[in-house]
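Can you make the complete structure from the sequences, with help from the hints?
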Amino acid sequence: MTGLDTLLESRQSDAARHAMALGLPTKRTEAWKYVPTRVLARTAWIEASPHVQQADTFGVSQGQFVNLPSTPGLTITQGPLTDSESAQLARLRGRHGFQAAAQALADVPWVITIEAGQQVRLDLTHFANTASSAAFGLCVIRVGANAHLHLDERFEETTDATKTLSEWTVLITLARDAQMDQVRMQTAGEGAHLFHTTHVTVDKNAQFRHFVTDFGAQLARLDLTVDLVGPHAHTQCHGLLVTGGQQYHDIHLDVNHCVGHTTSAMTYRTMVDGQGEATLNGRVYIAKDAQRSATEQSIANLLLSERSRVNPKPELEIYADDVTASHGCTVGSLNATELFYLRSRGLSAADARALLQYAFAERVIDVLGDTAIRTDIERRLLGTLKHGDLIRELQDSIDV
Amino acid sequence: MLTIQNLHARVGETPILKGINLEVKAGEVHAIMGPNGSGKSTLSSILAGRDEYEVTEGSVTYQDENLLALEPEERAWRGVFLSFQYPVEIPGVKNIYLLKAAVNAVRTHRGLPELKAGEFLRLVREKLKVMQMDEAFLHRNVNEGFSGGEKKRNEILQMQLLEPTLAILDETDSGLDVDALRIVGEGVNLLRGGDRSIILVTHYQRLLDIIKPDYVHVLADGEIKLSGDFSLAQRLEKEGYEGIRAA
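In order, the protein sequence lines correspond to chains B and E. Start counting the first sequence at 0; every next residue gets the next number (numbering that gives the first Met the number 0). Start counting the second sequence at 0; every next residue gets the next number (numbering that gives the first Met the number 0).
Hints were generated in silico from the structure; no laboratory data involved. On a predicted model such as this, the values are computed, not experimentally measured, just so you know. It cannot be assumed that every hint is accurate.
Here are the simulated SDA-like cross-link-like pairs (lysine to any residue), alpha carbons at most 20 Å apart as the crow flies [claimed, not checked]:
# : chain 1 : residue 1 : chain 2 : residue 2
1 : B       : Lys203    : B       : Asp272
2 : E       : Lys115    : B       : Asp395
3 : E       : Lys126    : B       : Ile397
Pair ranges (Cβ atoms, derived) [as the list claims (entries may be wrong)]:
#  : chain 1 : residue 1 : chain 2 : residue 2 : range
4  : E       : Ser173    : B       : Pro35     : 49 to 57 Å
5  : B       : Leu67     : E       : Arg139    : 27 to 35 Å
6  : E       : Asp133    : B       : Ala371    : 58 to 66 Å
7  : E       : Asp133    : B       : Pro35     : 38 to 46 Å
8  : E       : Ser173    : B       : Gln274    : 43 to 51 Å
9  : B       : Gly327    : E       : Gly192    : 47 to 55 Å
10 : B       : Val366    : E       : Arg139    : 41 to 49 Å
11 : B       : Ala319    : E       : Val129    : 55 to 63 Å
12 : B       : Arg391    : E       : Gly174    : 50 to 58 Å
Beta carbons are placed, not taken as given, at the ideal position from N, Cα and C, and that holds for glycine.
Now the structure itself:
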């Protein structure tokens, strides 16, 4: 019996039986080999109780949207899905038993539609689950032709260390000339186990920009797949993992250049301290006919303690012969020469380290420009860094 | 102020310094010259506290303290400053952050109140003017994308702000054109006087024409082979290290 079997059995559905037959992924499953999956199997997860109304903040609570916003150009409903969306969910179900279980346990999918030509800004909060509960949700986001969706996602910060489990699967389709900016600032409580799956389809001339920062949760895993299916489709995926204590953060990225003249750029930074562990798997696939495509990928990992661990895996799979592709991956500690330079100017070793860690993170945070969520991310970063207060004081005192 | 006695140091198994003796009194300017690979930069780095060199013998006393026992920042707090031969680029760290953090760290340890933002900006603008640097330098990342001359000027700007008691300038003249050399040299001259001592490490006389040293030492093969006054630098320029060695 896995920790989800009781929940699945209570459903009495074919989907639930199928999920149980598949079983949960284990260390032997390549894409899950670093994930501490035992928590899934060994915890007696209980059903999430009905959500408590959270003030008037739009968000996801126990797998359901709450406080739906009313914005011109935006509609939010529950179902129905198109055939291709249903087929896509079915393909995801086939990946592994956990995704199959999540879909079997989720309610009817939510559908967010942005009308063609509209610009919509949404702030969404992922509320914490009730204690020991597991919640599962499905969502489809359709961004119409020439529309633009800004989606900023934040997480409720709780001090409750009770284990919780959340799975949130999102299918996104960007029609021709559409744009989407998704920024995810993950600051969930220390008992949270988050599994998020996002699958994006980007049509002709459309652009999908994604930014993720992981600060919180005991375990946070993001599976992000971007299919570039129309010429001149473009994606940028960036992220910063700030992992410490005994946290495990994991990003599995798949970018598929399905047609020619498509472009992608990826920059990820991890900073791992304590006994933390971070996994960054960035795979780029360029199909045989996807000529004149271009991709660049940069992954840099900073190990800040002897017991910290990173598992970076950049992968390029190229079948076309006329493409531009570059990738770089580094793993290291703070640069000794830079540290010495700062210390020789009177900065304490701890202040010098904080300044260099901040600088390392800033290289990726910079892509967010001057936005409110960037300010929040920086504030959180400085709160996490030992001696981050030095940098906060410098920022506050120098009006640049 | 600074007494170096029989200093031996090595990198890995390779001995670099083989018994340096040097006495620098308060207010004196000493030039250390010597051919490539003679140990000049090693000596500078050891004085500033870089830990990649192993001191195997000898002692360095600075203001009656064992300098070698101090961490790099403790040396800075006590007034030791190294102008790097190759100033380090630090992407992501704004120059102004480094300058303000450094100034206030040093002031705090000298028992002075930290400078408030307004006071600091007034001070740094005044020093920028002296070094003929644009204010935009403050908001650029430390040394990132700076030309060779800009990097060296930035070093002297830091020196002006930190007001060290012992400044070690490691080949500050390298990579400078004539105009930049004059600006840097004059920037250093402004700090000359009182109890402040300066050690100039250089290959050439041209910097010494602007910053006139009280003493000149020739370092070769890890030892000070010859010491004299400014005329020694002039002899070196004329006869070269080989000529001096032969004599």
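To see whether the hints hold, each was checked on the structure:
no. : hint                             : in the structure
1   : B:Lys203 to B:Asp272             : 42 Å, violated
2   : E:Lys115 to B:Asp395             : 11 Å, holds
3   : E:Lys126 to B:Ile397             : 17 Å, holds
4   : E:Ser173 to B:Pro35: 49 to 57 Å  : 53 Å, holds
5   : B:Leu67 to E:Arg139: 27 to 35 Å  : 46 Å, violated
6   : E:Asp133 to B:Ala371: 58 to 66 Å : 32 Å, violated
7   : E:Asp133 to B:Pro35: 38 to 46 Å  : 53 Å, violated
8   : E:Ser173 to B:Gln274: 43 to 51 Å : 46 Å, holds
9   : B:Gly327 to E:Gly192: 47 to 55 Å : 50 Å, holds
10  : B:Val366 to E:Arg139: 41 to 49 Å : 19 Å, violated
11  : B:Ala319 to E:Val129: 55 to 63 Å : 58 Å, holds
12  : B:Arg391 to E:Gly174: 50 to 58 Å : 36 Å, violated
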